[in-house]
Amino acid sequence: MREPKVKWIFVLPAVTYILVITIFPLVWSLSLAFTDWKLTRASEPQFVGIQNFERLLMNDKRFGNALSFTALYVSIATLVELALGLALALILHSKTRGARVMRIFFFNSTSSTSHRYSFHVEDVVTRRCGAC
Numbered sequence: 007m008r009e010p011k012v013k014w015i016f017v018l019p020a021v022t023y024i025l026v027i028t029i030f031p032l033v034w035s036l037s038l039a040f041t042d043w044k045l046t047r048a049s050e051p052q053f054v055g056i057q058n059f060e061r062l063l064m065n066d067k068r069f070g071n072a073l074s075f076t077a078l079y080v081s082i083a084t085l086v087e088l089a090l091g092l093a094l095a096l097i098l099h100s101k102t103r104g105a106r107v108m109r110i111f112f113f114n115s116t117s118s119t120s121h122r123y124s125f126h127v128e129d130v131v132t133r134r135c136g137a138c
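In this note's numbering, the protein residues as written are 7 to 138.
Each hint should be verified, as a subset may be incorrect.
[As the list claims (entries may be wrong)] Have a look at the derived ranges for each label pair, beta carbon to beta carbon:
hint, residue 1, residue 2, range
1, Ala83, Phe111, 22 to 28 Å
2, Leu85, Gln52, 23 to 29 Å
3, Leu63, Tyr123, 20 to 26 Å
4, Val80, Tyr123, 41 to 47 Å
5, Arg68, Ile27, 56 to 62 Å
6, Asn114, Ala93, 16 to 22 Å
In short, the hints are calculated from the structure, not lab data.
Fair warning: this is a prediction, and the values are worked out from it, not measured in the lab.
Note that the Cβ used here is the ideal one computed from N, Cα and C, for glycine as well.
All chains, full assembly: derive it from the sequences and hints.
So this is what it looks like as structure tokens:
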């Protein structure tokens, strides 16, 4: 009977963190989205329903432009990154003459960057080990 309580004691800090940092602000901002609340004046929030969303979607041309440009940017960036990643993977996997050199350059730079951060003087792990 004692074992489930111990499990909840270990899970409780993570659940509390998630609730405080993500869920409560999400619910609060969602509730504010349905109100008309002037923060510049000391007034009570007035419930307006979906009127804010109607005004945003139907009357604001800038929102439509921003949405279309964002969709265009995301699609182009995704395609370019996918093509570059696939090309790099094919080069690293191939049996051509320069593939071994490309692997050395790519993996050496990646691993050296990781090691640089893991052995950084201001790192918490390094301080705990007593290296500083």
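Results of checking the hints against the structure:
At about 25 Å, the CB distance of alanine 83 to phenylalanine 111 agrees with the hint of 22 to 28 Å. With their beta carbons about 45 Å apart, leucine 85 and glutamine 52 fall outside the hinted range of 23 to 29 Å. The hinted window of 20 to 26 Å between leucine 63 and tyrosine 123 is violated, with their beta carbons roughly 44 Å apart. Valine 80 and tyrosine 123 have their C-beta atoms about 29 Å apart, which leaves the hinted 41 to 47 Å range violated.
Judged by the Cβ atoms, the range 56 to 62 Å given for arginine 68 and isoleucine 27 is violated: they are separated by roughly 31 Å. Checked against the hint of 16 to 22 Å, the pair asparagine 114 and alanine 93 passes, with Cβ atoms roughly 19 Å apart.
Hint check: violations occur at hints 2, 3, 4, 5; the rest are consistent with the structure.
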